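> The hints should help you fit chain Z onto chain Y, whose structure is shown.
Protein chains in written order, with this note's numbering: chain Y, 222 to 671; chain Z, 222 to 671.
Just so you know, the hints here were simulated from the structure itself, not pulled from any lab data. Remember, it's a predicted structure, so these values are computed and weren't measured experimentally. We treat Cβ as the ideally placed atom computed from N, Cα and C, and that holds for glycine.
Taking beta-carbon pairs under 7 Å as the criterion, some of the chain Y residues facing chain Z (in silico): (1) T243; (2) L361; (3) A401; (4) T427; (5) F435; (6) Q449; (7) R574; (8) A576.
2 protein chains.
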Amino acid sequence: MVPAPGLRVPPVDVDDGTALLTDRYELTMLQAALRSGTAGRRAVFEVFARSLPAGRRYGVVAGVGRLLDAIEAFRFDTAELEFLTANGIVDDPTAQWLEKYRFSGNVWGYAEGDCYFPESPILVVEGTFAEAVLLETVALSILNHDCAIASAASRMVQAAQDRPIIEMGSRRTHERAAVAAARAAYIAGFTTTSNLEAGRLYGVPTAGTSAHSFTLLHDSERHAFEAQLASLGGGTTLLVDTYDVERAVRTAVELAGPSLGAVRIDSGDLGVMARRVREQLDSLGARDTRIVVTGDLDEYGIAALAAAPVDGYGVGTSLVTGSGAPTASLVYKLVARTDGADEDAPMRPVAKRSAGKPSRGGRKSAVRRIDAHGTAYAETVSIGETAPGRRDRALLVPLVRDGEIVGRESLRDARDRHVRAVAELPATALQLSKGEPAVPTEFVEGGPRA
Amino acid sequence: MVPAPGLRVPPVDVDDGTALLTDRYELTMLQAALRSGTAGRRAVFEVFARSLPAGRRYGVVAGVGRLLDAIEAFRFDTAELEFLTANGIVDDPTAQWLEKYRFSGNVWGYAEGDCYFPESPILVVEGTFAEAVLLETVALSILNHDCAIASAASRMVQAAQDRPIIEMGSRRTHERAAVAAARAAYIAGFTTTSNLEAGRLYGVPTAGTSAHSFTLLHDSERHAFEAQLASLGGGTTLLVDTYDVERAVRTAVELAGPSLGAVRIDSGDLGVMARRVREQLDSLGARDTRIVVTGDLDEYGIAALAAAPVDGYGVGTSLVTGSGAPTASLVYKLVARTDGADEDAPMRPVAKRSAGKPSRGGRKSAVRRIDAHGTAYAETVSIGETAPGRRDRALLVPLVRDGEIVGRESLRDARDRHVRAVAELPATALQLSKGEPAVPTEFVEGGPRA
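Same shape as in the complex, but just chain Y (with noise of 0.2 Å):
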């Protein structure tokens, strides 16, 4: 029994050792403050984006499920702790620390699905020094891939307005990437993926048609249309553009009848040729086979295609690449830390404080302030505590608790929560062209206006 597609939670692989995706200086830093005896001070690190992809109207929020999932696997094994051992990189007390390890802290985040900006606090990782900054690499490393793909699948959702898209860019990404880029374009609101491992590990639905290799297998492309309906039915979808577009479709038609699925068409000129199928469709009584097409396509593309007789897009490099932003920029900075190691001394804010590359120190929260139209109008990032006013939506919700997984969800809420997410934003959000975040965000001190 397999459960439904999107309502089921993630499984965890614990087998599927984290530890070592990390950057070597975690482990040299960690070392160095066990030495100094400021390993256990109380920390607090937050992830955010300074600036959104160059002209981007919002970022989207994905690889929260993924980024639970890498901490609860977070341990250093005997072959690991070995490894760094017999090269130098930690001596042994450090090891012997990392033995030992699990993050025990507290992790509030931004909920998957939901919308970003810059400045936005996304993640808060709370605990001491030690624990927390071992985890910045891995958890910047999904973050960033997972929302600069859901960022750049979330305005080609848009652009395609209802009509359903298949993620289909497996092939041009990392093989593993793929897998995450299949979940990240779910939730963003692709309706299907051709990956097969994001099915099985995510629930999320899969499809497919078939390659132009099928068709050049086959003595002729009537053989191999046949081959296919014989296989998988009348609802197929068949490739038609391997040789003469007019002739297969024609043959199509006739082999599958008037309730054929569908026809895929890969080349040309995707929004001359949909018009032409749609016609010959039409006048062989096939008037609900439906018409997708594929292609290097993007955001921009499919909405130029807004008036073509289209009924579905398949899109893969634009989205496993994010769209010509492959990475969303978020970085993991310490933004406040006790002076000693006592559960209760007061945290004190820090900073970076040299040209370039600046940051506000200082524990945040965030609110999106909603206006009575239902409409938002400001992201507020406050330092210190927060009261939030009547119809503000707070967006840090927890994650983690003393070191236990709490925010786990089904992949359907995130993307239920990405809908109302960008339904909530002004209308400049959905625009296409480069401009400002749709939504400003603003600085409060001690919580935002009432």
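Chain Z only, in chain Y's frame:
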């Protein structure tokens, strides 16, 4: 005992299945072909790029070793087969076929570290259609990612001339892509990586400095430097731009003495800062203390610092995102097949013929043509049997023979090959400016000109 970096054959983690890192349509095409009787036809698929990323002079082959691992691990286990059948993705006969799947064909490819050009057949896969089509997605995922990273890395290495480059982009890309990126960068000439898993899994040498958070953790920069020096020794690299660079450099030399290993500058105008810090270090007698610069560097940023007193670079984002070209746009195309399953039947060239995305039918071989001065002047791609000329360098090497992996080699071999392959290119190859491929691709029928 840990083997020396770069000298060992990468281990294979056969528990880490790769069979579902695959597009759904590969399996549904298989099912249809099994049913129509065409699955057993002998087939040749080729991997090539129609063009290099805009303006690039050459591409770099990487990922071959990872691909061989993936082919070896390409098995459908019980859980995977259950997923496929329970979700109606394949029928029972297909699942039974998949259960026994082992690739039994032949693979040739450009050796890892070699250069490639448009239409270079960097991988040739020969087997039954059924067994070869299944490898399409994972082969393209690995090669598209790793070639993109290595191609960008090589330009950075050329720009850096003899100065070392640390790969430190893990946090800006998917956590497993980061490991592959570190490996690809090392092949292309990077010196070290920050990524510990790349050290453990592939033997890439690891390196690291420290982060601003480490300085901010301590009560003063002086305390932080003392802690780092006490733990890591005077050969360490101190990060000097948290507060005031001049004061930090003074403190660093005061604490470590003139034999301090290095200082790192991560922000501001790196050229100006490097000159200023060099003068200060020299005036303090720390003439051998190196200066490492980091912070949004790409090949152009590196080249712009050629005249600055910089001893090493750290590169992150631009490396892991392929410096504007995050995928190599490689495709996997059926180019020849038999009319039946008979082993001895002649191969028939096949190719898509409609508008857009052209490909050339027929199995290819390739040589790099070398002039009397040892410089490459053409990439000759031959359809049919070849008779390489005296100075031609044959480019395809055996990787898999009758299903057995025969092409494994150490990273060191790939790294050495890359040095030779770049040295063989004409001088235009090393220009960072946009232009044509450094070597033109020419097609011939029946072998290259003698």
